[in-house]
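Chain by chain, the residues run as shown.
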Amino acid sequence: MNWTFIIFSLVKIAIVIGVVQGLVAYSVLAERKISAWIQNRVGPNRTAPPFAKYIPIVGPALIRLGMFQPLADGLKFLLKEDFTPGGVRKVYFWLAPAIAIIPAMLTVAVIPFGSTMGGQQMVIADLNVGILYTFGIVSLGVYGIVLAGYAANSKYPFFGGIRSSAQMISYEISMGMSVIPVLMIVGNLNLSSIIGWQATNGWLVLYSPVSFFIFLIASFAETNRLPFDLPEAETELVGGYHTEYGSMKFALFFLGEYSNMIASGGMMVTLFFGGWTLPFWGLDHAATGIGMGFVHILIFLVKMLLFMALFIWVRWMFPRFRYDQLMDLGWRRFLPLALANILITAVVLYLKVK
Amino acid sequence: MIVDRRPLNFWERLYLPAIIGGLKVTVRHAFDTLFRHKVVTMEYPEQKWTVPVNYRGAPYLVKDQEGSTKCVSCQLCEFVCPPKAIRITPPAASKLVADRPNAEKMPLEFEINMLRCIFCGFCQEVCPEEAIFLQKDYSLTGLSRKELVYNKEKLLALGGTEGGIQKWKNKLEEAKSQENFPVKV
Chain A
-3 MNWTFIIFSL VKIAIVIGVV QGLVAYSVLA ERKISAWIQN RVGPNRTAPP
47 FAKYIPIVGP ALIRLGMFQP LADGLKFLLK EDFTPGGVRK VYFWLAPAIA
97 IIPAMLTVAV IPFGSTMGGQ QMVIADLNVG ILYTFGIVSL GVYGIVLAGY
147 AANSKYPFFG GIRSSAQMIS YEISMGMSVI PVLMIVGNLN LSSIIGWQAT
197 NGWLVLYSPV SFFIFLIASF AETNRLPFDL PEAETELVGG YHTEYGSMKF
247 ALFFLGEYSN MIASGGMMVT LFFGGWTLPF WGLDHAATGI GMGFVHILIF
297 LVKMLLFMAL FIWVRWMFPR FRYDQLMDLG WRRFLPLALA NILITAVVLY
347 LKVK
Chain B
260 MIVDRRPLNF WERLYLPAII GGLKVTVRHA FDTLFRHKVV TMEYPEQKWT
310 VPVNYRGAPY LVKDQEGSTK CVSCQLCEFV CPPKAIRITP PAASKLVADR
360 PNAEKMPLEF EINMLRCIFC GFCQEVCPEE AIFLQKDYSL TGLSRKELVY
410 NKEKLLALGG TEGGIQKWKN KLEEAKSQEN FPVKV
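Going down the list, the sequences are from chains A and B. The working numbering puts the first residue of the first sequence at -3, with every later residue one more than the last. The working numbering puts the first residue of the second sequence at 260, with every later residue one more than the last.
Calculated from the structure, these hints are not laboratory results. A virtual CB, placed ideally from N, CA and C, is assigned to each residue, including glycine. Treat the hints loosely; a few may be bogus.
The list that follows gives simulated cross-link-like pairs (lysine-lysine, DSS-like), each with its CA atoms no further than 25 angstroms apart [unchecked claim]:
#, chain 1, residue 1, chain 2, residue 2
1, B, LYS430, B, LYS364
2, A, LYS49, B, LYS307
3, B, LYS307, B, LYS413
4, B, LYS411, B, LYS343
5, B, LYS307, B, LYS297
6, B, LYS283, A, LYS299
Only part of the chain A face toward chain B is listed, based on derived beta-carbon distances under 7 angstroms [as the list claims (entries may be wrong)]:
#, residue
7, TRP33
8, ASN36
9, ILE286
10, MET288
11, ARG311
12, MET313
Beyond 12 angstroms from chain A on every Cβ pair, some chain B residues (computed) [stated by the list, open to error]:
#, residue
13, VAL262
14, LEU275
15, ALA277
16, GLU302
17, ASP358
Isolated chain A, as found in the complex (with noise of 0.2 angstroms):
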């Protein structure tokens, strides 16, 4: 072990759980901000610090785009009584949050959101095994919201943890099996070479649609949202696995769910879109400049916020689905398509390498 190393992946930590947790706050900013301009409404215009009226002509527009309310969002969370409901059982329901939120900060360390900026690879931890990691890491994240489920001993919440279990258990499997067609391309596991392979052949997207199309849906699924909304499906079951919880603990479901979308918006770019590379200009191979570093992670930034306005965007459109469809989608429609095109990867594949 060499200093600089440790030092060196520390900051670098910091600095990827600083802009994540920042992207959090803001992109729960850009859910309420486009659901409005979805729904024909304004959205939050009003809050600001008393000061940023007078900064010209930037402070008026900055209030009108809502940019300080998450500011004020988070405050609120800190600053409510941390209320414990009488009933619950204490232990786990402590524990749920910090469950639900590690998980999702976890995933984030093996996705490479950079080329290289003054010697040091961008990304946390360069493993070699970094989508099995990815999976294993995701599938502890239904450990917070059963455990929430169960802790709130209420019912809505239990439902809203059993339906939660068994969807992303469902959806990880097709989730899973998606990814491997993408794995047999590249031959490799590792992020960084996948992305080095990408900027070689182009795009996995173009080699892989089907695998793409399935791995978005069941994102969708892994991180709760809207059209597999079901652990927290508001009409049916109250709020769900967090209805019994309040002020910072409600804040980390939060949190957990958003730096869910991040993480697997970035992974979908790392697989399919070619990480931070871009296929003209000369942007596809590592950067050596400070300022190339940039623009590679200002690519990654660019590329994962599209996703994140996808996410977003689906949430505005679509009705939620039944349950028994939502089970039928995963087990009948998506698990036999992902072995399909597993196998067809591998004719494909084979009949080349002849």
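Given the structure of chain A, go ahead and fit chain B onto it with the hints provided.
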């Protein structure tokens, strides 16, 4: 009644055309909101409802065309007020005279507690002088209970002028002419 359930065709079973249709609808709405200002929200403090003519808002005291107080402190409104929101202090000992010719009295103090007022309009209906009217204000806000007890000065300032009859204006001439009746040659 038996509903005829037509089996879905291939494209309908695939869901994808429906999904794309949905995305188009939402994008169209977002585009309308952002670029064509088709917003259904009324941004309240800046924009307000235009209330109908017969709207019953907060009751305020009014002045006549010549800018003098119309109220003569008869206390009918105080009497009729169902939630007892009006409180009038008559001039009595203070010897305050009305600020217009020929009127006997005007109130020393006239208070309406806007927290009690139910905007029923009885005061307007009962007033023999047409001195109090329910006007169009509907959002009365204050930081304390005290602030929402409106005094005479405030009520007159908010009420503005309301023309109509000037009952007392020619009273003196009328009285004189009556005294002169029958006309002496």
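The hints, checked one at a time:
Restraint check for B/LYS430 and B/LYS364: the C-alpha separation of about 14 angstroms stays at or below 25 angstroms, so the hint holds. A distance of roughly 23 angstroms separates the Cα atoms of A/LYS49 and B/LYS307; the hinted pair therefore holds under the 25 angstroms criterion. A distance of roughly 22 angstroms separates the Cα atoms of B/LYS307 and B/LYS413; the hinted pair therefore holds under the 25 angstroms criterion. Between B/LYS411 and B/LYS343 the alpha-carbon distance is near 16 angstroms, which keeps this suggested pair within the 25 angstroms criterion.
For a cut-off of 25 angstroms, the pair hint linking B/LYS307 to B/LYS297 stands: about 17 angstroms separates their Cα positions. Proposed proximity of B/LYS283 and A/LYS299 is supported: the alpha carbons are some 21 angstroms apart, at most 25 angstroms. Below 7 angstroms, beta-carbon pairs count as interface contacts, and A/TRP33 has one with chain B at about 4 angstroms; its hint therefore holds. For A/ASN36, the interface hint holds, since its Cβ comes within 7 angstroms of a Cβ in chain B; the closest pair sits about 5 angstroms apart.
At its closest, the beta carbon of A/ILE286 sits 36 angstroms from a beta carbon of chain B; the interface hint therefore is violated under the 7 angstroms criterion. This hint is violated: A/MET288 has a C-beta 34 angstroms from the nearest C-beta of chain B, more than the 7 angstroms allowed. Checking A/ARG311 against chain B: minimum C-beta separation of about 10 angstroms lies over 7 angstroms; hint violated. Proximity of A/MET313 to chain B holds as hinted, the smallest CB-CB distance being about 4 angstroms (cut-off 7 angstroms).
Non-interface status of B/VAL262 relative to chain A is upheld: no Cβ of that chain comes within 12 angstroms, the nearest being about 19 angstroms off. The claim that B/LEU275 lies off the interface is violated: its Cβ sits roughly 10 angstroms from the closest Cβ of chain A, which falls inside the 12 angstroms cut-off. With a least beta-carbon separation of about 10 angstroms from chain A, B/ALA277 fails to lie farther than 12 angstroms from that chain, contradicting its non-interface assignment. Not every CB of chain A is more than 12 angstroms from the CB of B/GLU302 (nearest about 7 angstroms), against its label as outside the interface.
Listed as outside the interface, B/ASP358 is consistent with that label: its C-beta sits roughly 43 angstroms from the nearest C-beta of chain A, beyond the 12 angstroms cut-off.
In this structure, the hints that do not hold are numbers 9, 10, 11, 14, 15, 16, in rising order.
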